[in-house]
Every structure is written in structure tokens, then in C-alpha cells.
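Chemist: So you can see what is in the structure, the chains are spelled out below.
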Amino acid sequence: MVRRLGELESAVMDRLWAWDRPTSVREVFEDLHRHRSVAYTTVMTVMDNLHKKGVLSREMSGRAFIYRPARTREEYVGDLLEDALGESSDRTAALLGFVERLSPDELTKLRDGLE
Amino acid sequence: MTSILLFGYAALLAVPVAWLLRRATWTSRAPALGVIAWHVLSASVLLAILFGAFAAIPNAGGDHDEHNHLAVAEACLVAVVFLVVVGAILGKALVSYVRDDSAQRRRHRHLLHLVGRADTQLDAVLVDHASAAAYCVPGRSRRVVLTTAALTVLDEAQLAAVLAHEQAHLRGRHHLALAAGRVLRLAFPWVPAFRWAQDEVARLVELIADDAAARHCDRRDLARALVALAADSRSVVPATAFAAGGPAVAVRVKRLLGSERPLGRRAAAVCLLAFLLLLAVPMLAVSPALAGAGDVLSHCPFV
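Residue numbers (my numbering), protein chains in the order written: chain E, 5 to 119; chain D, 1015 to 1317.
The hints are simulated quantities; they were obtained by calculation from the structure and are not laboratory data.
In this text the structure is predicted, and so the values were computed from the model without any measurement.
From the three backbone atoms N, C-alpha and C, an ideal C-beta is built for every residue, glycine too.
A hint or two may mislead.
DEER-style ranges, computed between Cβ atoms [unchecked claim]: (1) 70/E - 1114/D: 48 to 58 Å; (2) 37/E - 1268/D: 55 to 65 Å; (3) 1170/D - 74/E: 34 to 44 Å; (4) 112/E - 1015/D: 27 to 37 Å; (5) 44/E - 1162/D: 25 to 35 Å; (6) 1166/D - 24/E: 20 to 30 Å; (7) 38/E - 1230/D: 41 to 51 Å; (8) 1121/D - 115/E: 17 to 27 Å; (9) 1274/D - 74/E: 44 to 54 Å; (10) 67/E - 1166/D: 42 to 52 Å; (11) 44/E - 1170/D: 23 to 33 Å; (12) 112/E - 1166/D: 20 to 30 Å; (13) 112/E - 1234/D: 49 to 59 Å.
If the Cβ cut is set under 7 Å, some of the chain E residues that face chain D in the computed set are [as the list claims (entries may be wrong)]: (14) 13; (15) 15; (16) 81; (17) 87; (18) 88; (19) 89; (20) 109; (21) 112; (22) 114.
Where chain E lies over chain D, by a calculated footprint (3+ residues, C-beta under 8 Å) [to be verified]: (23) 1101–1111; (24) 1234–1243.
Produce the entire structure from the sequences given, and follow the hints as far as they go.
Modeler: Set out below in C-alpha cells:
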């Protein structure tokens, strides 16, 4: 169930980022419903959770909330990669990178060695 | 007396022996053995200090006059306080590590959920980004993460090598090897052996993963993949972060292309024996003292 909610979160976010306009739960639900069986209340819960996590901001419009992403997708990807590859001092072993950064000089040398 | 010897032994391991191990070249030829060596060394330092404190508890012997009794009580108190302090520092480091580690993993998983998409064919999570990167998230929901740029930068053989490298990290549970060193370093950052152990283990697990990948793929493909990703990941973070681990990649590439042979079986056996001796010495030194201390502890008013 947790996994499914996680999947739904990204499905919801994909739509909001792609549409790039304030969106109601109903609109997201209707689009999602075309691709999978999902309950309106589930979508509402997911979007409410995303709001609580600070990923979505919302405001009242008439009798319903309309939502929009708090930040762009690119900003989140930036955070993600900074988390994974940045030089933060309080890094734990939560992630294992493949390579670290290299100076241009060293790169040239290495490339020469590979040719 | 035993206690002074044990403290001396801990100091010997923590500085000169650790320095020699850091300089040793055989660890690159047998990285798994190298990781074991660092862990045994760290454990030995810790055990020697703990046992040293135990051994400081004097043996009361048969002499039970008032003055002697007081001296024993004082020594008991000092030793017990020392052990409690060391234990508390270690415990605090462990707790803060576990908390930070799980928080970081949770945050990362959350971000991945939002922006990543699973690729079942590659058995990896893809993230849209213009700079090439590959890494893995260990733990319960372990996964390999690739940026879309990594897919364009790497050819098929190189991609297979990168995936094999990351899978080796996950299969080998390398994060646990790193965690042990990290906790000790958090607890006692001023002990050179613990500082070096963490850096060395981080370096050696990369070599282990490289070797594991090289068993399934061509070494040159892996080397090319390393260079391709190191070249491209420059754009991810600001230039101030440059070259921190740069030489490590250079060494890995040279190692993959070079003719370095893995350590022979006999040399490996000798190394293993040497480590076991490292651990055995404090144990042997302390066993009579421990027996004595146990005897006294039963009389000690503070325990």
C-alpha cells in the first residue's frame, strides 16, 4: 500500500508539473482514472499528503482547493543529485556514488591513457 | 601494569600501525582483506582501551586493611567512570548516526518518488537530468539510480559495467562497512586510526565493486565509464566541490587498466593471521587481569 501511494504521488506530480497551472483534485482524478482504477478519495488523500509535506501549495477556490507544485521538477532533481553527489560534510552511508568529481587536468590525462 | 601496556598497545595501533596500513599497497590488491584489516584494527584499539580500563581495577588480594580497601574503591570508581564515559560516547555516536542516516535515506527516497521513474529493464530508477550520474541507495528499499544523461554518455557495455558496480555495492552491503567506521569516527574524531579507517574503507569498497563488475564486464569498459561519468558530473555541483575525490577516480582507472595482480593466497593467509594476532594480544593480556577484576568487582561498592 505504501509503495502504491508512492507511485501515486509521482503520478500526481507528473501531471501537475506537466500542466503547469493550478489544478483541482477532480481534474487530477479524472485524468488518473483513465489510466488506472483509483478512488477519488485516494487521490484527495495523496494530494493532501503532498501538501503536508510541502510539495504542493494550495488555496481555496470556491468550495474546493486548487493545488500547484511548490517548486519545479528541476529544483527537486537538483536537490536529489546534490544529496547524492554533493560534498556535504554530514554525509552518511545512505548513498554510494559511482564516481567523484575530477579536475579537468586529471581528466585529460586519463582520457589520453584510455585512447 | 597490564593496563599501561594495553593503553600503550592501543596507542601503537591507533597511530603508527594505522599509518603503516594506510601506506600499504597490498590493500589495493586485496581490497576486501583491506576492509577487514581496518575493522580489526579499529576493534583492537577499542578493545585494548576498554580492557586497559578493566585491568586498572586492582586486585585486592588477601590484604583487607582499611587503607587498601579505600584505594581499591577509588580505582574501581575511576575505571567504572571511564568505561561508562566511553560507552556513552559510543552510544551517542551510534544513535546520532542511525538517526541522520535514516533521515537522509527517507528524504532521498521521498525525492526519488517524486522525480524518478522505475525502469524495470535496467532494474534502476531513472531521473531526468542533463549531467550524467550513477549511484545507489542501500538499505531496505535498495535501488540503483541513473540520470538520463548517463544513458546518453555511456554505451551499452559501459552501462552494464556501471550497473554491475552498483549492484556489487548493494549485494555486498557496503554501506554497513562504511557505517561502522563512520560511527567510530563520530565518537572519537581525534583518533587517527578511526579517521583513516573511514577514508580507506570508502576507497576500498569502490575497488571491491570495481573488481566485482570486472568479473562480468570488460575492465576497459568500466574504466571508460568511470571517466565518462567523472567528466560529466562536474556540472552537478559548484566548482568549489571539485577534485575532492578526484585522484581516487584516477587511481581506480589506472588500476583497472594496469597489470596489478590480486594478492596471492599465501600472502592473504599471512595478512589474516596478523590481524587475528592484533585482536588476540589484548585478549590474552587481559584474561588474568579480568579474572582478578571480576573478583574485586564483587567487593566494589560502586558496582
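Chemist: Grab the minimum C-beta distance from residue 112/E to chain D and call the hint holds if it beats 7 Å, violated otherwise.
Modeler: Hint on residue 112/E: violated, closest Cβ of chain D at ~10 Å, above 7 Å.
Chemist: Would you say the C-beta atoms of residue 37/E and residue 1268/D sit inside 55 to 65 Å of each other?
Modeler: holds (56 Å)
Chemist: Determine whether the Cβ-Cβ distance between residue 1274/D and residue 74/E falls within the hinted range of 44 to 54 Å.
Modeler: holds (51 Å)
Chemist: Note whether the CB distance of residue 112/E and residue 1166/D lies within 20 to 30 Å or breaks it.
Modeler: holds (22 Å)
Chemist: Just tell me: holds or violated, for the beta carbon distance of residue 67/E and residue 1166/D against 42 to 52 Å?
Modeler: Holds: the Cβ-Cβ distance is about 47 Å, inside 42 to 52 Å.
Chemist: Given residue 87/E was flagged as interface, is its beta-carbon under 7 Å from a beta-carbon of chain D?
Modeler: holds (5 Å)
Chemist: Evaluate the given range 20 to 30 Å for the C-beta pair formed by residue 1166/D and residue 24/E.
Modeler: Given about 26 Å between the Cβ atoms, the range holds.
Chemist: Using the beta carbons of residue 1121/D and residue 115/E, state whether their distance is inside 17 to 27 Å or not.
Modeler: At 36 Å between Cβs, range violated.
Chemist: Is the gap between the beta carbons of residue 112/E and residue 1015/D within 27 to 37 Å?
Modeler: violated (60 Å)
Chemist: Are 3 or more residues of the stretch 1234–1243 of chain D near chain E, judged by a Cβ distance of less than 8 Å?
Modeler: holds (count 6)
Chemist: Using the beta carbons of residue 38/E and residue 1230/D, state whether their distance is inside 41 to 51 Å or not.
Modeler: For residue 1230/D against residue 38/E, whose Cβ atoms are near 42 Å apart, the range 41 to 51 Å holds.
Chemist: In this structure, is the beta-carbon distance linking residue 70/E and residue 1114/D contained in 48 to 58 Å?
Modeler: Violated, at about 37 Å.
The earlier numbered hints that this structure contradicts are 1, 4, 8, 11, 13, 15, 20, 21, 23.
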